[in-house]
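Protein chains in written order, with the numbering used here: chain Y, 1 to 425; chain L, 1001 to 1459.
Think of the hints as simulated: they come from the structure by calculation, not from any bench. Any given hint could turn out to be false.
[Unchecked claim] Non-contacting residues of chain L with respect to chain Y, defined by C-beta distances greater than 10 Å in every case (computed):
1. L1012
2. V1019
3. N1025
4. S1034
5. M1168
6. L1186
7. P1247
8. S1266
9. V1281
10. G1299
11. L1301
12. R1339
13. E1354
14. T1357
15. I1393
16. I1416
[As the list claims (entries may be wrong)] Straight-line distance between alpha carbons at most 27 Å, and here's what the computed BS3-like set of lysine-lysine pairs gives:
17. Y:K150 / Y:K238
18. Y:K133 / Y:K107
19. L:K1269 / L:K1026
20. L:K1453 / Y:K238
21. Y:K107 / Y:K150
22. Y:K303 / L:K1453
23. L:K1030 / Y:K303
24. Y:K133 / Y:K150
25. Y:K133 / Y:K82
No residue lacks a Cβ here, since even glycine has one placed at the ideal position from N, Cα and C.
The primary structure of each chain is shown beneath.
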Amino acid sequence: MTDMAATLQAQKTAAEAMRKRRYAADARLRWYGRIAISVAILLLLTLLVTISAGGYKAFIQTHATIDFPISEELVDRADPAKGDWRAVVRNGIEAAIPGIAASELRKAQQILTNNTQFFVRDAVVADPSVIGKTLTMRVPVSDPYDQMQKGVVSRHLPEERRRLTDREIEWFDALASQGRISTPFNWGLLFNADSRFPEIAGLSGAIVGSFYALMVCFLISFPVGIAAAVYLEEFAPKNRITDIIEVNINNLAAVPSIVFGLLGLAVFLQMFGLPRSAPLVGGMVLSLMTLPTIIIVTRAALKSVPPSIREAAAGIGASPHQVILHHVLPLALPGILTGTIIGLAQALGETAPLLLIGMNAFITSPPGGVMEASTALPTQIFIWADSPERGFVARTSAGIMVLLGFLLVMNAIAIFLRQRLERRW
Amino acid sequence: MVGYLLTTILLLSCVAFWVGRSAGNKFAAKSAQSTHSLPGYHGAFVAIWVGLPALVLVLLWVLFQNNVINGLLVGSLPDDLTAGASPAQISLLIAEVRNVAAGQIFGTPSPDIVAAAERLGSWQSISAWAMVVVAVSIMLLAMAFTRARLTPAFRARNRVENILSGLMILCSIAAVLTTLGIITSLLYESWAFFKIVPPADFFFGLNWEPQIAIRADQVAGNGAFGAVPVFVGTILIATIAMTVATPIGLYTAIYLVEYANERTRSIVKPILEMLAGVPTVVYGFFAVLTVAPAIREAGGLFGLATSPNSALAAGGVMGIMIIPFISSLSDDALRAVPRSLRDGSLAMGATRAETMTRVLLPAALPGIVGGILLALSRAIGETMIVVMAAGLIASLTFNPIDSVTTVTVQIVTLLIGDTAFDSPKTLAAFALGLVLFLITLALNVVALRVVRKYREQYD
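All chains, please: the whole structure from these sequences, using the hints.
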């Protein structure tokens, strides 16, 4: 009897142990899943946090307020554009920093951004009445000082390990003690064009270029995509040719983006001789990439319109085209628009094909049309990421934040459209 | 000029629509019984015939005008400039003439060039005006002809619908044309490349130094196009990416399918989708700014000499980018397994883990493999992360903390800032592009087929 009890007991413990093992395995798998999700979310957070931590500083810019005496000896009243603006800036600095030696002026002038003389010139040309008086202007300070003021580069490093000498910091502090240094919001980041100098480099050229390219992309891919989808979904006979077209569209959606760049380079630039770096070509290349997305989304939207609508329309005598144009397409439009916006958002972030057709040009003014050389937002980020100046690190992050902001807005619009207009049958 | 012309076309089409519709209105008012089409269709018929041919004409004109003018220009240049010149020299000449014509003069151009620039200017204005005259007269003629054809019995609706169908077919073919364009341009340029560099050297050579071959007479000007190190680098980085992405993506999918409740799913899924929505240039910057220095420091702790552009940094960050593809495709595959299989397993007392590993995963395996293949094709074709974070020098190594280069990096570096289309350096990029296209195409075709076939089984 005891034997049997013992065996039973043994079996029970064995079963217990086995169940424990099995439950442990279950718990382990659950934890692996949790860990995987946490890792993925953590990585996303790291990405966003490092970008914003590096980028928020570029949204403010250190400025110095300097009084520039515009003397008539240096600036001709008759032709103000031809003045000795370098000397004007020098005089302004000399007046602002007490006790500075004449030999040091050249060095001290570099506190202000290199383009100060042109800013002053433009201000005077715009308003010649200040000639003979003093012009007070707020100009951005150059990158090393800006970095120090924002605390990116510590001023307490040993002198040989920073770009500014003690003497230079002394001048800057002299300006600061007069209340001439301010750090306002950096509107220049959004409204200036690109520049070699980080303190005045901005995104306006890239934003305008991206806008033109996206407009071209939309104008081509939206009508063509919808027409193709309507044909394939509603009219096409199911045969070999339409099968090939369908497989083709699916494959095209998975072709690496750089291959589209090669296509644009060989066909649009080489064969048709369209201008390099132009938003027109960029938009055309992007539209080829967006086309499959729009076709696939539109077909899904058309599919979701119930057959009863088609039958009702056909039943009262509408032709097949009238059924689609007057009844099905309007009902599918919210879905189509949502998909189009998402496709355009992808196109906005696309970089590689734009590099190949030269939309990474260094352009110091926003393009005036679709045929003029330009950059786009992602290519501008790429250019800045490659620039050696310290200030461009923050600019790059800030550019990324602007790009992500645009993407966020586009996706929000898409979600809004979907929720607002989507119909359930 | 083109902008004004396009506006004119639009305006004239609107006028045409109005003309046609008022004709239709008249028919309807006079003979309500016997009118075939609604007035709007009469309008659309006239508008299409006025606008469409003119639009096509203008587009073709703009596309080919430069080529024709260039041809004329080369023909008109004095023989001593063009005789025996290579295509590159001729295109350089044309570029110079165009610059002079556009007023961007550096130094003093030769009188021949100045004369050519003047001719170019006059030809351009002749061409532009001719385009306007031809387009406008075509539109007016079309309006007159089509208006004359309108009668109450005219089947305008059928005509318009036929044209619409034709246009829709053309649009559907656009996708095929794009593919054809890709294949033709890649094959054409690669053909030119393989005439200079034998395919065997390209596919089996171990030495990739394309910059050397800028001048033909240089030492080692030949044989610097052995692409094996580039392929190896691509494979290395893609492997690292997949090692990062596959477990994370797969376990995420398993958790979301089997363990997570509806609320967790609705939070986690959009967050993962955000990973896929971040532009790749951002990932590239992240790799350079954060990940590469971190890896270098970690390597320094263990006394390893880590390259600043390690394959690990580029591959790892690429892995992050790919996580959502794998997780969502695996999620789809796991969900497509019929519920009865899962419930049956649970009913027999199997734990969720056992159900997952013994029932769902084996059943969903083809779909998951298809998803992984699609992700792999993305990893191979991904450009910006590697352009920013991987190296430029092709070295034949499998060491993940070494610097390697990839196919896409080489394509970009070979083509940036260089548009001469007859140097092997430029053409090599197209050969690499061809290889890239074919490999990703093969992966995609297989993956799509596997995924689709598998889905059909349970439907």
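Verification of the supplied hints:
The Cβ of L1012 (chain L) lies farther than 10 Å from every Cβ of chain Y, with a closest approach of about 20 Å, so its non-interface assignment holds. With a least beta-carbon separation of about 22 Å from chain Y, V1019 (chain L) lies farther than 10 Å from that chain, consistent with its non-interface assignment. Separation of N1025 (chain L) from chain Y is adequate, the least Cβ-Cβ distance of about 19 Å exceeding the 10 Å criterion. Its beta-carbon lying about 17 Å from the closest one in chain Y, S1034 (chain L) satisfies the requirement of being farther than 10 Å from that chain.
A cut-off of 10 Å between C-beta atoms contradicts the statement that M1168 (chain L) is not in contact with chain Y; the least separation is 4 Å. The Cβ of L1186 (chain L) sits about 7 Å from the closest Cβ of chain Y, inside the 10 Å cut-off, so the non-interface label is violated. With a least CB separation of 7 Å from chain Y, P1247 (chain L) falls inside the 10 Å interface cut-off, contrary to its annotation. The Cβ of S1266 (chain L) sits about 13 Å from the closest Cβ of chain Y, beyond the 10 Å cut-off, so the non-interface label holds.
The beta carbon of V1281 (chain L) sits about 4 Å from the closest Cβ of chain Y, which is not more than 10 Å, so the claim that it is off the interface is violated. With a least CB separation of 19 Å from chain Y, G1299 (chain L) remains clear of the 10 Å interface cut-off, as annotated. No Cβ of chain Y comes within 10 Å of the Cβ of L1301 (chain L); the nearest lies about 20 Å off, and the non-interface call holds. Listed as outside the interface, R1339 (chain L) is consistent with that label: its C-beta sits roughly 20 Å from the nearest C-beta of chain Y, beyond the 10 Å cut-off.
Residue placement check: E1354 (chain L) does not keep its beta carbon more than 10 Å from all beta carbons of chain Y (closest about 7 Å). Listed as outside the interface, T1357 (chain L) is inconsistent with that label: its C-beta sits roughly 8 Å from the nearest C-beta of chain Y, within the 10 Å cut-off. In this structure I1393 (chain L) is separated from chain Y by more than 10 Å, as the shortest Cβ-Cβ distance comes to about 17 Å. Consistency note on I1416 (chain L): stated as away from chain Y, yet its beta-carbon is not over 10 Å from all of that chain's, at 6 Å minimum.
Between the alpha carbons of K150 (chain Y) and K238 (chain Y) the distance comes to roughly 65 Å, so the proposed pair goes past 27 Å and is violated. Only pairs whose Cα atoms come within 27 Å are accepted, and K133 (chain Y) paired with K107 (chain Y) is accepted, the gap being roughly 26 Å. Between K1269 (chain L) and K1026 (chain L), the direct Cα distance comes to roughly 60 Å. Violation of the 27 Å bound is thereby established for this hinted pair. For the hint pairing K1453 (chain L) with K238 (chain Y), the CA-to-CA distance comes to about 19 Å; that is within 27 Å, so the pair holds.
Annotation: proposed proximity of K107 (chain Y) to K150 (chain Y) holds, straight-line Cα distance about 21 Å (limit 27 Å). A C-alpha spacing of about 21 Å is found between K303 (chain Y) and K1453 (chain L), which places the hinted pair at or below 27 Å, so the restraint holds. Among the hinted pairs, K1030 (chain L) with K303 (chain Y) is inconsistent with the structure: their alpha-carbon atoms are about 42 Å apart, more than 27 Å. For the hint pairing K133 (chain Y) with K150 (chain Y), the CA-to-CA distance comes to about 33 Å; that exceeds 27 Å, so the pair is violated.
The suggested pairing of K133 (chain Y) with K82 (chain Y) holds, with an alpha-carbon distance near 18 Å, which does not exceed 27 Å.
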